[in-house]
Structures are given as C-alpha cells and as structure tokens.
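J.: Spelled out, the chains give:
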Amino acid sequence: MPETTSANAAPAPQALDGVRVVDVGNFLAGPFAASVLGEFGADVIKVEHPIGGDPMRRFGTATERPDATLKWLSESRNKRSVTIDLLQPDGVQLFLKLLAKSDVLIENFRPGTMESWGLTWEAIHAANPKLVMLRVTGYGQTGPYRRRHGFAHIAQAFGGLNYLAGFPGETPVLPGTVPLGDYIASLFGAIGVLIALRQAEKTGYGQIVDVGIYEAVFRVLEEIAAAYGLHGKVREREGSGSFVACPHGHFRTKNDKWIAIACTTDKMFERLAVAMGRPELASAAMYGDQRKRLAARDEVNRIVTEWVGSHGRNEVLAICLREEVPVGKVNSIADIFADEHFQARGNLASVPVEGLGEVVVPGVIPRLSVTPGRITHLGPSLGDATEAVLGSLLGIEAGEIQRLRQQRVI
Amino acid sequence: MNPTPSLLTTDALPLKGIRVLDIATIIAAPFCATVLGEFGADVIKLEHPEGGDGLRKFGTPSMRGDTLTWLSESRNKRSMTIDLRTPEGADVFRQLIAQADVLCENFRTGTLEKWGLGWDVLKAINPRLVMLRVTGYGQTGPYKDRPGFARVAHAVGGIAYLAGMPKGTPVTPGSTTLGDYMTGLFGCLGVLMALRYRDLTGEGQYVDAALYESVFRCTEELAPAYAMYGVVRERAGSSHNDFAVPHGHFSTKDGKWVAITCATDMLFERLAKAMGRPELATEDTYGDQKTRLAHRHDVNEIVRDWCGALTREEVLERCYATDTPAGPLNNIADIFGDRQFHARRNLVAMDAPDTGEQIVVPAPVPRLSETQASIRGLGPKLGEHTDEVLRELLGLTDVQIATLRTRKAI
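Here the protein sequences come in this chain order: A and B.
Going by our numbering, the residue at position 71 of the first sequence is 71; the numbering climbs one at a time, nothing skipped.
Going by our numbering, the residue at position 268 of the second sequence is 1268; the numbering climbs one at a time, nothing skipped.
In short, the hints are calculated from the structure, not lab data.
From a predicted model like this one, the values you see are computed outputs, not experimental measurements.
Hints are supplied without guarantee of correctness; some may be wrong.
Stated by the list, open to error - Calculated lysine-lysine pairs in the DSS-like style (CA-CA distance at most 27 Å, straight line):
id: 1; chain 1: A; residue 1: 292; chain 2: B; residue 2: 1057
id: 2; chain 1: B; residue 1: 1381; chain 2: A; residue 2: 267
id: 3; chain 1: B; residue 1: 1381; chain 2: A; residue 2: 257
id: 4; chain 1: B; residue 1: 1016; chain 2: A; residue 2: 202
id: 5; chain 1: B; residue 1: 1144; chain 2: A; residue 2: 257
Next comes chain B alone, as it looks inside the complex (with noise of 0.2 Å):
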C-alpha cells in the first residue's frame, strides 16, 4: 500500500497564534512542543550551534544526515541555533521568551538556573509564560539531580519489572523511548491546562513532569493493591491471567501471532464457537472465569493447539465472524499493508527537503472534526531558520545577526 501524500492545510489551525520555544532535547519535552505544532502552534527549537539537538544523532541516519526520528518528530518546528551559555546567546534569549507563550526544557534541574535563566527570571520577562519542565526525576524530592531516560525511568516507575516472562529477565516494555512520549503527553496537558488558567488570568506558571512519574501513573491498581492487600505483581508473559483466562498472545502455524482477550464469559463462549468446541463454554466445562482461572494451564493450551493449527488469517477470520475479541500482533510490514491503517491515513509520507527522500511518519493524533492537525513540514536542518526567527520577532538587522554569529552566541 502507498502511505497518503503528506496533508497540508494550514487552515483552522486551532493553535495559531500560540508560540513554543523548545530548548529541549530527544524526546520527551519536545514531544509536547511537536503536538502543539501539529496544531497550529509556531514551534522555534533552540538548538547548540555545535551538533544541536541529540536526536538529530539518535537512530537510523537519512539521506541528509539527521536522523529519522528527527525528521519525523521534529515536524513543523523551525530551528535557530542559540548558545545560552553566552552572555548574548543568554541575551537573545530573554528576548525571545517575552515573545513566547509556552517554553519547553529538560535540563537537568538547576541548569536553567546556574545561566540566570530561571523560572523567577522568566517569569519577571514575561509573566504570562508557561514554562513545561521535564527531567528524569522531577524538580523536587532526593533523585531530582540524577540523568534521567526513559530506560531507567521504566525501572524506576514500576513498568519494566511487569514486562517479561514469569522468573525471566525484564524486558524493554516495547519501546525504549515509550516514557519519553508519556511524559511529553502528560506535558502537553499541563501545558494546555496552564494556557487555559493563564488566558483567564493573565498569570502563567510551570509544569514540572518527571518520566518515572508519567509511567507510574499508568500503573492501574498495582500501588491500591499493595497497600492494602500486599501483592506484589510479578511479570505475567503474554497473558493477564489474575482476573480472565484466555488472555494472551499465541502463535499461529504461519510462524505469526494473533492477541485474544476474553474478559468475560459471554466472549469466551464466542471464542468456542469460533473454536468449533461451544461444549467448551458449558457450566460443566469452562463456561464460568472461575473455572478458566483454576484451569488456566489447560484452557491455554487448547487455544494455543488451535492458534497452532491455522495461520493467522484463518484464526482470525474465525474470531471475527463471532464477534470475539483478537486481533494480529502487527509488525511494521504488516502496518504498511493494512486497510484500517490505510482507511483512517495513519502514514503520511513526505519528502524531505533538499533531499527529495520519501519518509514515511505517522500522521497527527488525535482527530478532530473541524481543526485537524496537519504535518507542514518535516524535522529542519540545524540553524535553517536562525536569521528569519531574529529578523522577524526581534527585528534584528543583518549587521547585528552577523555579530551574533561571530561572537558564536548563534
């Protein structure tokens, strides 16, 4: 299937008018100023002159040297390099931030502050910013001072130990960087939240996300039920057995693996039928969870024999034709060439520029019916919009843009 040509309409736009300066780096912070982008927000990324943002260097190199997560999560931003640690870097800054209406950053805590770049600083520039913190640990409590990623804020948070086969080596919880997008989303919120309070008032104020905070809080009730009970949840494999059997990943005869979820008896009594066994789902066999539950090893099995026996396509065929809950474990091969994904646009495929190489990223989420996000542009080269930001917002002259440049201070 061809990925749909890039959408481009900039019409409705429903954050236009709203400026994100993102002096962040990778992912997590910058995360939040690339959904805002995405709807409309004017995004600046404040890079280093030497190199600029790291995930410019992080993943599988393009045509034009930076990365494609760059490319693609850098979408819509403009970029201008900007060296804080210079007194006129630091200066062109301040001047910047009383134009802006959200900052994004994720320094380690008290960086910001040691550059006379401080929330009380900012905020006696421009009183009506909202300033996004994001770090590992937080801006408070006995960690905030350590490197925070998302690798170990998954440990830290509760998710990696869960991730894994029973007794086995915790694995990486899909994606290494998942925490990184769950805290530029929580973010986001904040951010969004803040905006909101500060058009009321005229009073902005900062958000401070730590990535280990954002994956504990997706936790369900795994701190309620230590607390009270004690449990400590353990790894489970492919299947959360405590409350709905069957419930879990099997493989098919095709070497493929298809998901099926019977949360309740009435879906398990669908998955016999699509089994070809309804005696399977009587009071007297398996009809009752309990029952499932007390049986899970052998209840497993005969769904595992029979995913084993039918290639994926046929298992489920069966399982949609009465209306059980199963779904592929879909890799990316098997993205590119599904209908829904091609039904609902979900891959956008632009070139990049100069280049003229086609990339393929995943469209704006979410959907919303009259302001629809849109993707203009993909990741910038280093420092592209350097002289127009300058010229533009702070009415420099070419004169004063080549200072800067030559004191390094851009």
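Chain A extracted, bound-state conformation (with noise of 0.2 Å):
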C-alpha cells in the first residue's frame, strides 16, 4: 500500500526557497506549473473569485468537502488561497499590491481579460518590473484564433496529437488521459519561467512567457513536421503499433491482461525471438531486419500475438524480462497500486486532509538529490489564507479588511 512520502519528511534546502508565485488561472493548464514550482519550495498563492473560486473544485470526483474535488486536493498540492474579486477596482488594487511582493504571476484567461480589467502587462510590469508573467491559452496569446476556447482536449486535437490516437480508419480516440496538453503546455511553461526568473534576476527586469497549448503538444511530436514538409508524408493513427519498429505494440495475455512490448531494434527482436523458442526467427533469412519485420509486420504480429496470447501476464514478463526483452504491463490503476516498484519510488504519497483522512496522490517528480521536492498539504479550502496574505504579507490592517470583505472584493 502507499507509503507516507515527503509529507513528513524533515524540511531540506529546496531549490526554490523565497520565490512567490501568484497563480490566478483555473483548472491546469498553468495552475500546473504553479504546483510543480510549489513542490519545489516556491510559496504559491492562489488568487480565486470569493464567489465559488476556481472551478476545478468542483471538477472531476467530489469528496466530503464541497469545494474540493480529488482533482482540486491533488493538483492544488502545497497552494494558499487568497480570494480576490478583480471585476472590482479594488480587487486589482489589492491583486497589484499582490504582484509587488511576488516573484511570478501564473493566468490562463482569455487573451484580452486580464487587460479588460485593467490587468495589462504595462500596469503589472509598473508594479513590478522583476516580474515574471506566465500566460497559458490554448491557441497562445497572438494569431487569429487566439480569442477561442482553449480546453486541453480541442488544442490537442488542433495540435495534431488526438488525430494519432486509435486505429486506423476508425474514430480518433483520447490520448490516454484528456488534460495531457494542459499537463505539457504547463511543463514548457514552467522551464520559461525558470528561464526568464534567471534573466530577471540578472537585468532586474522580468518578462511574459507565451504558451499556447497546441504548440505545446505540437512541439512534441517527433519529425511529423519533416516528414510531411519534405515527403509529404500524412501520419495516420497506428493503432497500438508503431511505424517505426515491429514489434512494437500491445498484446494480449491469455488472462485476458495486456502487455506492451517494444522491439526498437534488431538485437531486441532476437532477443524477443529467444523468449518465444523460436530463435529461427531472427535470422537474416526470415525477420532479423527491421525493414522486413516492417514489410511483414501482420505476420510478424501474429506470431507474437499468438504467443503471448498462450501464456498468462507474468509468465509472458518473467521470460521477457530473463531474456532483456523491454516489456511491461499495460498497467490500470489497480496494478500501479499493487506495484512494488511504484512503492519502493514513493510514487504514491499518502497525504492527510482534514475530514477526508488520507488522501493518494502521485508523488513528486522529477527527485533531486539535494533539495527534493516535497507536498506539505493537498488542496487549500477557498481562502484559507487571504488573511495572513493580506495582513502579514501586505501589511493591510485589521479594519481594512473587514471593510474588503464586506464589499465582497475579498
């Protein structure tokens, strides 16, 4: 079962002690890249509308506590909730004073909102010139279509990557899990703000970091730009192989379990002809090069089908692995739980929420060996610290908040 990871951990050095983000998006494309710098000892502040707050709490599978699903407990890991309505004037005072003592600013609306409140990278960049502005959209913050929706699942598919997914000629399907562009596009977001917080702390002056999550996923897709650029060449949806290498793909156990297998290259495929007796296979007469696999790859594909098809899951693993063949289980989250090596990484930290007991989330990654990452709390409740921001941070007095609150700016 999942062990207690950094949760409790001594504190260590971290790599990212004294920087302060301001994350004001919703959902993840952005938010993301918040929390792995959270992880990594950034103060993360999230900035949400009183009314409701970000609408990932009340996205995906609900809890006991109302305004926070497990998606909002995992993915908002170590964030403090600050609520600020910025439709006021004063919201954008306070959010202006916010940003003077951060280090990042982290949105996703759409290109045009934050200015129409006033919320213009002049205004920002006057209140802060060492800021950095992290800006995540789905089609970025220029071109013609920059003004349209940008949910993960349309900028993928508009990024060429949903048009992969599935089997040929028949209906494109996710591609595994539906915000994966959101997770990507935070992740080249993130290496941005890295790079600029470098340059701003060189000039003194900070600098807007541009995303669009198509390009991001876009970006990641190997040489299907080249090849079409220079052939012609449409990559069409492969199915569970791959056009590159055979075997190299999905198969059936006979427990009616999957494995992938992946034979990249010829020394794989020998080996792999090994693992299934039939070492004849490898020759140079029948399949040792890859470009005949490829020429034959039904043939080639049956023959493992049928073998792994004739042996259970792990018998099919134990002779893969005896002979160094890369295979691996096509795991559901029930194997993951029941993984030991996912347990020996620590990959599922076990963290405390008040009212909700334990609560089981990926680790952090990547691991580094002198200031690891670490999750100190899972989710905040809306607002949990507009107070201490506010008081301690801004140095804002007792009565003027109250006066915030009773306007509703907070």
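Put the two chains together into one complex; each comes in its own frame, and the hints tell you how they fit.
T.: Take a look at the structure:
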C-alpha cells in the first residue's frame, strides 16, 4: 500500500525557497506549472474569485468537502488560497499590491480578459518590473484564433495529437488522459518561467512567457512536420503499433490482460525470438531485419500475438525480462497500486486531509538529490490564507480587511 | 503555406554561458539538452565514434543519411565523438566535466559507475555540476535495471491502459515517444532548479527522472479516485463521459473529424444554438449536465448526426459563431495549411548543411517576450565538432588530437 512520503519528512533546503508565485489561473493549464514550482519550495498563492473560486474545485470526483474534488486536492498541492474579486477596482489594486511582493504571475484567461480589468502587462510591469508572467491559453497570445476556447481536448486535437490516437480508419480516441495537453503546456511554461526568472535576477526585468497548448503538443511530435514538409507524408493513426519498429505494441495475454512489447532494434527482436523459443525467426533469411519485419508486420504481429495469447501475463513478463526484451504490463490504476516499484519509489504519496483522512496522489517528480521536492498539504479550502497574506505580507490593517470583506472584494 | 524562415537570432539568449554535455541517446534526456540549447546553452553532444546516437537512425532518413528526427531534435548541438570505455576517452570526458554546468545521461543504471564515471567521481571533479539521469524506471527500486522505452513507460505509467475504445485494444497515446518528451521536460525543470540552487550555494546535485513517472504524474485524479472509491478508470474512446456530455470526437460529412467539448451547461446551450436546436438545452430536455450524462447515448447521437450532415468547415463555423468549444482534429497536412500555425511561426524551415535539403521543424516553445529561443542550426554530423571542442575547451594540439583518434578514444 502507499507509503507516507515527503509530507512528513524533515525539511531540507529547496531550490525555489524565497520565490513567490501568484496563480490566478483556473483548471490545469498554467496552474500545474505553479504546482510543480510549489513542490520545489516556491510560495504559491492561488488567487480565486470569492464566490466559488477555481471551477476545478467542482470538476472531477467529489469528496465530502464541498469545495474540493480529488482533482483539486491533488493538483493544488502546497498552494495557499486568497480570494480577490478582480472585477472590482479595489480588487485590482489589491492584486497589484500582491504582485509587487511576488516573483511570478501565472494566468490562463482568454487573451484580453485581464486587460479588460485594467491588468495590462504595462500596469503589472509598473507594479513590479522584475515580475515574470506566464500566460497559457489554447492558442497563445497572438494569431487569428487567440480568442477561441482553449480546452485541452480541443487544443490537443488542433495540435495534431488526437488525430494520431486510435486504429487506422477508425474513430480517433483520447491519448490516454484528457488534459495531457494542459500538463505538457504547463511543463513548457514552468521551464520558461525558470529561464525568465534567471534573466530577471540578472537584469532586473521580467518578461512574458507565452504558451499555446496546441503548440506545446505539436512541439513533441518528433519528425511529423519534417516528413510532411519533405515527402508529403501524412502520419495516420497507428493503433497499438508503430511505423518505425515491429513488433512494437500491445498484446493480449491468455488471462485477458495486456502487455507492451517494444522491439526498437534488431537486437531486441532477436531477444524476443529467443524468449518465444523461436530463435530462427531472427535470422537474416526470416525477420532479423527491421525493414523485413515492417514489410511483413501483420505476420510478425500475428506470431507475437499468438505466443503472448498462450501465456498468462506474469509468465510472458518473466520470460521477456529474463531475455531482456523491453516489456511492461499495461497497468490499470489497480495494477499500479499493487506494484512494488511504484511503492519503492514513493510514487503514491499519502497525504492527510482534514475531514477526509488520507488522500493518495502522485508523488513529486523529478527527484533532486540535494533539494528534493515535497508535498506539504493538498488543495486548500477557499480563502484559507486571505487574512494571512493580506495582513502579514501586504501589511493591511484588520479594519481595512474587514471593509474589503464587507464589500465582497475578498 | 510556406513555413517561416529560421529564427536566426543569437542576441539576448538567456542561457548563454551555460555548457551542457549530452551523452544521452534517443529523445528523453537529449530533449532536455535541446530545450536548454534553444535558449542559448552551449550543448555538446558526446557520441560513440561508431554510429553515434541511435536517434540518427530512428525514423525517416534525410538526404544526408541522418533521420529527420535527428536533424530536428539535435538542433543547436555540437557533435563530438568519444569512446568512454577507453581510458583516454574517459580521461578526456573527465576534463570536459570540469568545464561543464550540466550533464545529461540515460545509460542503464550502473553503467557510468562501471566505467568509473559515477556521480561521486564526477562531483569530486566538479562540485558545481548538475547531472540529469533519465532511465525507464529511475535510479532506485526493484525494476531499476530493466530496459526503458517510452512505449513500455506509457504502459507501466498507466496511460496506455486508458487509450482506446472501451474493452478494445489499448492504443498508442498519439505518439510512441510522448513519454520521452515529457520526461525531457520534467528533467529540464529539475536541471533549471538545480542550476538555480547551484548558483546560490555552489553545490551541484543530480536529478533522477524516470519515464514511467512522468506519465503517471499527469494522470490527474486517477490515483486518488482509486484509493478513495476503488474506481478503476477504463478506456473511454474519444469521450470523457464521466463528467461532461457531449465531449469527444465526431466525424463530418467530408470524412474529417472535429472535437467538441461541452464541460458546462452554458457551453451545451451554445452548441444547441449552433445546431439550430436551442430547445435541446431547456430544463425539460438536455439543459442539465446530469440529464445529459444519464442520456449520453442519445445526446451523442444527436451531435453525431448533426456533424455527419455537414462538412468540417461548416460544423466549425457554426460552433465558432456561438462560441462553442470546438476544433478540428488536425493532421499534419491541415497543420501546414493553418493560419494560426503560420501566424505563430510554429513551422520553421531550415536548410540541412551540405545537402541544402529543406527541413521543416517545430519552432521552440515557449515564447519569451524579451529573450526568445532560437534554432541556429539543425542536428550536426557525427563528430563534426570534435576537433573544435578539444581545441577550444581543453586546449589540445593537433598532434594530441591525432593520437586520441589513432587510439580510437574519439
């Protein structure tokens, strides 16, 4: 079962100690960048609308806490919540005060939204010249489609990823999880933030990091652009296989489970042939050469499918591992929880949440040897840090906080 | 449309002065070096003298022989050959380490140690060094010695299980190397954070990244939902039907596909309007998400019929007119013809050295407003910069270089 990880570990120094991030985004695209920075020591202040806050609090599987789905709890890890109504001028002033004390701002509104509240880059830059601003949207800050809805599902489709998932000629499917594009765009965004922070510390000037979800996804599609540009080759869905290697895909075992086999090179296929007890398959006369296997992929896949189908999953796995064939279980989440490697690496972090007991979430990655990341707490309740941030950080007096609250600015 | 000419600017590159040694292969760890290089780091690719990085042979060959993926993803790198298994090669490597800021590697665990080049040795040579170690399963845990490929990592990390039609064969989540890229991104984040800490304290460290973990980290609430409710998420085709309907891929009259996402009631109301059937969004019909979820088959059927009677352009025009979240499932031909890709300059055309063959590659992501990334050259020829690096960094003479070459150390 999951072990309690970093949540209770003794505090080590962290790489981003002293960095303050204001996260005014909704859902994941952008806010995930803040989550990662927060895991490595940044003080992340989530700024939310006083009524309801981030809609991710209500998106996904509900818990007994009305303001927190499991998705919210996991992905808002380590954040503090401050409520500010940015539609009110007092809210905008308060927000600018907060930015003056911060290093990074992360947002994902449709382009023009923040500007319509008076939060232009000029105003933000004037409030804090060193501030770095990450803007994540479906299509980026420029170009003809910039104002369109930018949900991950649509941006991924636009970026070319969804077209490629599924069987040839059949319905394209989701590439595993819906918001994959949100995560990938956020990772690029966080990299941009760290690079811009480095620059800001040198020069005293921050800048804007602009990421479109579609282009983050498009960036990771290996040679697809070059192959079309040069040869007019349109890559199509490849099912569970691969165009560049064979056998390379998912195969059903006798007990109706699935394994992945990836024979990227001739050497790997030779090992698989030995594992199958048919070393002759890897001879030059037969399928020893990748090109021959690709040309006869149906036949090669049939042989592997038959062999895998006549053994249980553990048996296939043991034989392949013995011969060092690249192989792995196609894990469901139940498989993952039972897996000794996930446990040994602390990938399932169990974190106590008031009123809910232990909640299990993916642990922190990557692993830094001297300044490891950690999870101090999961998604905060709405406005849990409003008074602390306004009072201690911004030096606003109790009476004024009271007034802001009465006027529903916070 | 014509891809944009290359972005050949070197002024204000924010990582200028950072030197990266990339002794890794294929995509995962090298992609971290690629991103650092785009932002100005001096990336020296160290390759085995015979054949070099396997990425040179992975995918579609260019006129020069190296594949298109190599040309694209080894952008901005310099290539030097070195055989780390020879004593002279190891010695040269140790001298290079003394002058490096970052080392990217992805050998199987224990390999560098076997050659006497483990972390302790490298750290003793250069205490300021930051080392990225990418493997399939990480540096620790029971599976650490297994071979790691992204295909297998997708399976082990839990996203392959989720990609495909319900009960059908699990498919590739869009691209067989997705997990490699995601790990490169997480690794790059780790490196930038470790560099920051290094600059503050003088102390380097290593970053341990595993392919399966990068994938698993991006599975939103998969883990907490299993832990709390025992829910094992299954493949869901093109539709994420647990929380929202309609939400998926629909085919159009002209044999193309669109993605439509109605996460909220308001968005469904807009879709109903786009379909010319506002009555579908009333309280008595399908105006409420709960009703749509209960009747998902009927709702999807209506949307499917509507899309199937129109061309893709017609469906999208009508959706955009009512601000319904929708988009095309672009293939690479669509992408080359798209105004947004053109306006954002996502496609960069560069001439391959020697052959002059024009190669179109994805532009760097993200976009920084003041210190833009750039592509200054495509993947180098094997050993193109060996002499240059040895002279420039280590001050070797032509005779010394010739001796190393005779001994097959370089």
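J.: Confirm or reject each hint.
T.: Status of each hint after checking the structure:
1. A:292 - B:1057: holds (16 Å)
2. B:1381 - A:267: holds (25 Å)
3. B:1381 - A:257: Not satisfied, since the Cα-Cα distance of roughly 44 Å exceeds 27 Å.
4. B:1016 - A:202: Holds. Residue 1016 of chain B to residue 202 of chain A sits at ~12 Å (cutoff 27 Å).
5. B:1144 - A:257: holds (23 Å)
Going through the hint list in order, the structure does not satisfy hint 3, though it satisfies all others.
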